[in-house]
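S.K.: Spelled out, the chains give:
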Amino acid sequence: MKKLIFLAALIIVCALLPATTFTPKSLLLADSYMLSARGCDANYWNPALLNEEEGDIWVPVLNLGIYAGNNSIDVNLYNFVMRQEHLDDADKQLILDAIDERVALNLGGQAALFGFTMGNVALSSSIHYGAKAAFSEKYLELLLYGNGDGSQVYEFTGENNYLEALSYLDLTVGVGDIRIPLPETIPDIKFGFAVSALGGIANTTTHNFDGHLSANLDGLTVHQNVTQLAGAGGYGAKGMIGLFSEPVKNLRVGATLDNILGFIKWGLVREEFSYHFEADSLYALDLLEGTEGLYTSEYEQIKADPFTTRIPMEMRLAAMFKTKQVSLSADYIQGFGDSAEISRQGRFALGAELRPIPILSFFLGYGSPNETYPWRTSLGLGLNFKVIEFGLGIQSIEQFYPGYSSKGIAVATYFNIRT
Amino acid sequence: MRRCLYAMMGLMLLLGACDISKPRLPSWDVDLTLPLLNERFLVSDLVDSVNVVIGESDVLTITANGEASTPDFGEVNFTPNINVDELVFLSGIDYETTVPLLDPTGSVFLSYGQIEQGQLSFNMNLTDPNNSSVTLILPDITTPGGEPLTLSSNDNPNWQSVNLEGYQVGVEDSGVILNDLQVHLIISSDQPNGTPLGMGGIRINSQIGCDYFQGYLYNYERAIAGTYASIQIDYPEGFEEAVILQEAELYLEITNEIGFGATFHGMIHAINEDTGQERWVNVLDEFGQPFNVEPAELSGPVITGLNFNNGLAEVLQIFPSRVELVDGYLLINGGHDGTAGFVRETNRMFCAYQVDLPCNIVITDHEFTMPTPSVISVSAETQSQILNRLLDANLTLEATNKIPVGASATLFVGTSEQIDTSDPATYSFSKQVTLYSSEYEGPEVNADGEQILQLGLNEEELSIFGNPKVYVLATISLEPSLGAVIIHASPSDYIQIRGMLTAKVRVSEDLL
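Residue numbers (the working numbering), protein chains in the order written: chain G, 67 to 485; chain C, 4 to 515.
Excised from the complex, chain C in its bound form (with noise of 0.2 Å):
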């Protein structure tokens, strides 16, 4: 019985023998991928439908748009210089005479005009008045009634003043030219017929303006004055060194009031406000003339489409932040398509313009640099897990790139401000990623377009996050084009972005 006790004891003893360690956590790396991203940035999405379209063929078109008029057109003014002092009076004997009405200047030709301001002078000298009338009638000015001008002596020796504001002059539609002015005389006395009664005159010498007026004008001058066209796109700084544009258009919708047919003279003028460049062209046809601007219709205005690009694409250039349209004149010489024009006091001409710049491109070979590094602001709790759990991360990204632009990026890390890409004393590491253009074709690429591009940090290059700041400077170059590239902004222009990271992390107790 002793003996099976012992065994017993002896059995509960073996197995109280074991050995068992306190349960404790080791240490472990795993790795770890995360999904990061995956997204499409359609060209399209730069479309703001401000300075950024899509235009013609679904072309990315930077554009601007502007504004001109003339102020109101006014009065037609010109001073005839009419001055008729020897009229000779003679009893019994009426007759017609005809006076010039003619622009000294050779401006203007009335063919018709409702007159808004003017005055005519005239005078009837009889040495017999009480016995005697002249009355002197002038056809081509007529009351609104369609009455003519009338003018008698009354007895008055003395110059006298008709305001012609409410005449008309000439006959409206006509399209005659009213070159001069008819006069007749009707003469009355009691003397024999042929008896000189005296003298007269007559005179329009001051200036005669036409709130309506039918005719032709020559060498007529109109300004224009409008707004400027801003552009508010962030450029980076010397992109118009990497990027030459291969074409750029101005389309001018000019909205005539004025029923006579001109010229419209102007320069487009363009204004980095950035870098101070400026650039100018003149508004010419294909052959350096000035555009026509069709005259309006008696129904109403008439829209002239003016599409110039002359000289453009290397004003526009300076990727300018305004555009604006100066130095603008409308020159009107002649009539309304051979025949008298018309124009009232408050007809004006509009000018819509817009400035387009299609991206068609040549790409240069150029870097640009970010002016001032970005800082990454690292959290102590932030510090002490990159240096205690992050071995080494990398970001994996599968780019399609479908837009015939490519890219390298080289990011400089430091933790001093003051980084100088060419000096590699003054940052810590840098990287670089290239994003091939859709043209391209190599081994990066395979045949879905799809190119993988790898940003990896070692433990050494992580432990530079354990700083409380981190600057990193990036500096861009795009791949230089073959020849001019178009740059669509289609559904099926895009770059689909689809990334993961991949890190290495230490686990341990006090994580868990």
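Chain G with its partners taken away, still in its complex shape (with noise of 0.2 Å):
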């Protein structure tokens, strides 16, 4: 049991809840990233930019980056809890007040296998895994306060109860530095896109979730459906383009589109899994003379029809301020759908990037939080040579720096060579 609670615990405790694309040295400016991308990275940020400067090469293993949150409680609550010998009524209301109607949780990460840039032209590789549950915040409700006098009728659905996950590798080709033939009035506008080949490797999504439970003088009544879909192997496509210009010295501008036509078809395992359970106006004086007949509970596995998880659409807005010392950013992201990594609510993202010393890079950076993505601010160091360059960084989220208030932590390391 003791193991369990550690595990849930290290679940909720260090996490966050990015739920959109990133590359590792992306978490070091809270994805307000998307004109700082260079070379490999800008096949993810934006292809106009992947040969703005020198290229580079990814080295496996240490261009890497994960995280794990969850959206109500952080370490101040944990110990609480945990030192406490007894919640009363005031310990428990401070556990629920931490959780805005569900309890959510939020893995992934991304690797980079491969990846290397030629000319304007650019090729890489990388896996991508995320997963995200939750369940409701009436569920802790019951376990902290029973079912009180039989008075509340309880309800559950899929908007709060869930698993999902979703992971799959990429085979990118980018091209940049397309200059967009305007006239001399116009400033130089400059065109990038990449298409993405994916390779499904698994994905569960909860298709079907409702609950109900009452006890009460009508008896005790449960109802639960769970249709939960599983899919490995799979194949699919997405595209981005991005454009760049700098209309002002020092000024930089970019927007782009990713995830066009962005599918994953799941064909070569589908298996839909059904459970229903069903009991209806149940006493315990029934059970004294067996359970049949009292309740319904059937699980079903099937092979499901191919299915296609769609990828939505997202679009970002980027400009940035930068000089030999300093880069100031900011990124708005909007998306045109929900998934484990996107969201329709945009939100901003504010990074900032120090260099003191030509060699040294300081990262900050915030993002602002819309329904499913927790506000948090990020922290990085990076070191700059002539070949190489490398550097870790970490975010916090709802807390701004790492702490016993943080709901999660994003750990990313990079390590590239230029070309």
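Everything labelled a hint here was simulated from the structure, so no lab data went into it. Remember, predicted model here, so these are calculated numbers, not experimental data. Beta carbons: idealized from backbone N, C-alpha and C, even for Gly. One should not assume that every hint holds.
[As the list claims (entries may be wrong)] The calculated DSS-like cross-link candidates involving lysine-lysine, where the alpha carbons are at most 27 Å apart (straight line), are:
1) G:K158 <-> C:K25
2) C:K507 <-> G:K204
3) G:K158 <-> C:K507
4) G:K315 <-> G:K158
[What the hints assert, rightly or not] Computed far set for chain C versus chain G, every beta-carbon distance over 10 Å:
5) D34
6) D97
7) N285
8) V508
Combine the two chains into a complex, taking the hints into account.
M.R.: This is the structure we're talking about:
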């Protein structure tokens, strides 16, 4: 039991909710990275910039980012609960106050497999994995308070109860530094695009979840329906276009549209797991005569039809003021759908890179929240040498710095060879 | 470069400095509500089709059945006491005479009979039997072939006997009472007419028994004996004081094979074998007269149904466990609706009786107390759970009472078997719940007839169940009725109880 608690606590406390595309270095700027990405990174952030400076080569393994988090519980709360001998009503309310409708957990990461640039072309490949799960606050309320005097009816929906996971790898080719022919009175605008072939590794999604619980003089009524889709082995593709311009010296602007026609079709393994439980107006004394006929419990596993995971499009608009010592950037991110990584609700990301000396970079970032994406700050340190650059960073969720109040963290390392 | 490394190390130290508590689970209290029961207790469920039935107008009725019968009616006997000794025989003079055929007791008036036993004696003492003869014919006594009984002198001067078995007396179905037997004398001799030839006589002075009899019977009794009827109902002690019966009915169904009308006589005897109480009542009609039993017809038996309720409720008020018909007999006085009755030796009268106690009652203020407390054995594990986890418990019952009977129950809970409801020192606590009758109108019952009953136990009271044995003594008080109430047993007469248990339970790591 202790191991389970520890595992749950680890996931809950040591995590964050990024829910968006990222590369390891972007974590250091809280995803305000569209105009900072270069080389292979630009394949995923703005292909127009992939040849903006020198090219690079990703070093596998050392380009790695992982995140884990939740939307509710921080180390402080965890420590508080674990140090209490007995939870009174005030303590319980403290726990529930930390939760907004659901306890949502997220876990994911990206690892580079390889990547290099040649001129204005980049070829890269990486693995993406992400999972999110949530359970309704009402479950925790039931656990802490019980079902009370029976006057309350509990309804559970898929909005607050789900399990979703997606992992895939990409092989991305990007072409950038394409100058758009415009009149001389208009500042130069560069264009780039990237095309990704996607290989679906595994996917699961909660297709249906509804539950009902009531226990009063009308009896115990429990309904639970869960349908979970699972797939493995799929294929897909997506496209990305990007624009970049520097209309004023030191001020850069850009726009990208990602996940164009993005999809992964799952066909090799596809299963549908359904569980149905129904008990109506059940009374304890009924059980004395046996349970036959008192409830229905059905589990079914069938081979599902091939299904497609759509990857919603995401638009980014960014501006950056850049000098030799300082880069300040602001990104606006707007999704056009909801998925494990993307939200329809727009958000901002602000980033700063400080270079007191040419070889040393400090990274700072702030990401604004939306309904599925809590605010976060980032802090990073990088070293820039002539041939190589490397660094590491950390994000803190809903806390300005990693600490007891963080609801999750992300860590990333990057290591690139300049060519 | 060195400064950079210091900065990175500082960052790692910052991350590693988090103090995360070891995982452990505190305890907390939850309020759990568990639906317990939803039962509809129909009054008709009390019906066992033996002692509890649904009577007229769906009234719940306690009933008992018994049977009784007469023995075989047997022969109709009477002793006519015919002693005629001075019959004079005169030569050449035939003549007819009669002898009286009367029952000296006045009980039997024969119209027709088939003789099962009986004897006739005659004597013909002739002075010259060789030259004279006397034939004595009794036309009222015939053989089965219809030949009259004919007696001859046969040179025997002594008294001779004739076994009358198999003979018939009278004319069947004539309806005429045979008060006298005709005697025809045919005398012949070689002597001149009028010459005395001798003397003779006829005697029937022993009992005549008829296995088939037509006629009239007066003050003719036949005993009725039978089984008793048991009522196997466990009434609470003192029930007879809590409930006053308003009606009771005795149904008698008499199947009469005897072709005589009769009056039925007998008593209903009720016994409560638990209390030892006994009561009797004569079975009489509303005018205090015995009931008439219709006679059988020639075509077969006739069934007479009799209803009796006069004073019966008072007798059955003791809520007997046994009801029986005692001292029963049939008294025949006359014939068959003014004509001659008939009876065969093997005829009987059967009596099936049913005692009904419809639940038409007045309920008084009376308290029942269980004779001994119930014992609840609590296992060590359960004791531990109760003491360590259960903080309070509350049983909520929603009752819908469609029966015009209400009650209050008080439970006295203690750790000693010696519970005295009047001495709080002998028990730990008591709880009372009240179920109002369907007639009750008050704030405790809503417009739908639902009433909420609460039975709550706090932590201190629950701790009593931390003992290996807990004793519970219950007292029940019925809600006095304002008048007579009738308990029906239709599908709409029930007590519906829905209950849920709400408990505050302590959850801790060792529970999970």
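S.K.: Please go over all the hints and tell whether each is borne out by the structure.
M.R.: Results for each hint:
1. Distance hint between K158 of chain G and K25 of chain C is fulfilled; the C-alpha atoms sit about 20 Å from each other, no more than 27 Å.
2. For the proposed pair K507 of chain C and K204 of chain G, the alpha carbon gap of about 19 Å is at most 27 Å, so the pair holds.
3. At roughly 15 Å between alpha-carbon atoms, K158 of chain G and K507 of chain C fall within 27 Å of each other, so this suggested pair holds.
4. Taking the CA atoms of K315 of chain G and K158 of chain G, the gap is near 56 Å; set against the 27 Å cutoff, the hint is violated.
5. D34 of chain C, annotated as away from the interface, has a beta carbon of chain G within 10 Å; the closest lies near 4 Å.
6. With a closest Cβ-Cβ approach of about 98 Å to chain G, D97 of chain C is found to remain outside the 10 Å limit, as its non-interface label requires.
7. Look at N285 of chain C: its CB is around 51 Å from the nearest CB on chain G, clear of 10 Å, so calling it non-interface holds up.
8. Non-interface status of V508 of chain C relative to chain G is broken: a Cβ of that chain comes within 10 Å, the nearest being about 7 Å off.
Checked against the numbered hints given earlier, this structure breaks hints 4, 5 and 8; the rest are met.
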